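Engineer: Taking the numbering used here, the leading residue of the sequence shown gets 886, the next gets one more, and so forth.
Derived from the structure by calculation, the hints contain no laboratory data.
Heads up, a few of these hints could be off.
[As the list claims (entries may be wrong)] Computed spacing ranges between beta-carbons, pair by pair:
(1) Ala1022 / Gly1103: 36 to 42 Å
(2) Gly1169 / Val978: 34 to 40 Å
(3) Val978 / Asp1002: 16 to 22 Å
Every value quoted in this text rests on a predicted model; they were computed, and no experiment measured them.
Quick reminder that beta carbons are idealized off the backbone N, C-alpha and C, glycines included.
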Amino acid sequence: MHGVRPRDRARTTAGSGAPARILAGLMLVVAMLASGCATFPDDGARDWRERAEGQGELGGPPALASPEPPPPEGSQPDQQPQGGSPSAPQPCVDPDPQVVATCLGPVGAVAVLPAGDEALVGERTTGRVLRVKKGSAPQLVTTVPVDPAAGLTGLVLSPGYAEDRLVYALAGTASDVQVLRLAPGEPPKPVLTGIPRGAGGALAVDPDGSLLVATGAGAGPLAGKVLRIDTLGRPAPGNPDPASPVLSSGLVAPGGLCVDPSTRTVWATDRTPTRDVLHRVVPGALGTPAWTWPDKPGVAGCTVLPGTLAVAERGAGALFVLRPGENGSFTGDPKPVLTGTYGALAAITLAPDGLIWLGTVNKDGGRPGATDDRVIRIQPPSGGAGSAA
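All chains should be built: construct the whole structure from the sequences, respecting the hints.
Structural biologist: Right under this line is the structure:
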């Protein structure tokens, strides 16, 4: 048997090694692909985020996010509408967190509902009664017929509101001023009529559950008075004359009535030709004012807090804070607060949770802003007063 020559053996070995090397290379590539060792970029962010709702197809594939720090806890990401342009500003949105309702007519009265976070608001010139709550659109409850020149100036909950759901309003019509009862689903029903039209007017409830009505000066036996009636319009027991609704007399243009439940004291603000005054209401003729404002800031509604009496001022656009003393004088230093913050203030009342609700009347001869008129809810101010002037 002839052997193979060395040169032929070398050629045979070289010829058979090339296919083997090619095959080995292909097998290596396949192994690298199978094991995920391909040379693809791997230094990017690895967090997946779903597309924001409204941007792209819902349920579409996730997108690789660029590296970014996590948002603060509790924060919400900003979302813009498609196209990148900011959304149009909402109408009548006030950035002040203390503003509850905006773009109303001049607010003649506010009655806070028992829960404390909602109130009934009476528009002075339209007679509309609205239910307002922070973050919700006002809801129309009813409309009281009014003459805009006289308007709706009082609104209180029934002494038995928890059971009867009744509300009482004081409104000036073309012929007279009336106390009306507002019942759910029914038109306003007059309870007391024939009060002469005059400047001002106010409504309150005393600790006995009687309605107190302040009327402006004018002709007739019910003008310029503080009336005290029951919820049916009859003279309340304990009046100086049992047959008459008159409790006190001597008012000119009353702006507010408020009651201190701890002392059972009734206060009335009044505007006279020469000065604004605060009266402690007593049976019979009203005596010397407990406080006076020679500069006539336009006193309006009032409310009583523990140890403090706050009076809303239309012209001054402020709250005036006094601290009644035990002997009928005042203590501390009288001071206005909120001066110029919300403009002309008129309605004021204390809520069950201790917060104060205010209503503005900037559209009623004031300087209305873009969101007037407004209802505001604030913490009670601190303050005091000196002796009466």
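Engineer: Name the hints, by number, that the structure is in violation of.
Structural biologist: As far as the earlier hints go, only 2 is violated by this structure.
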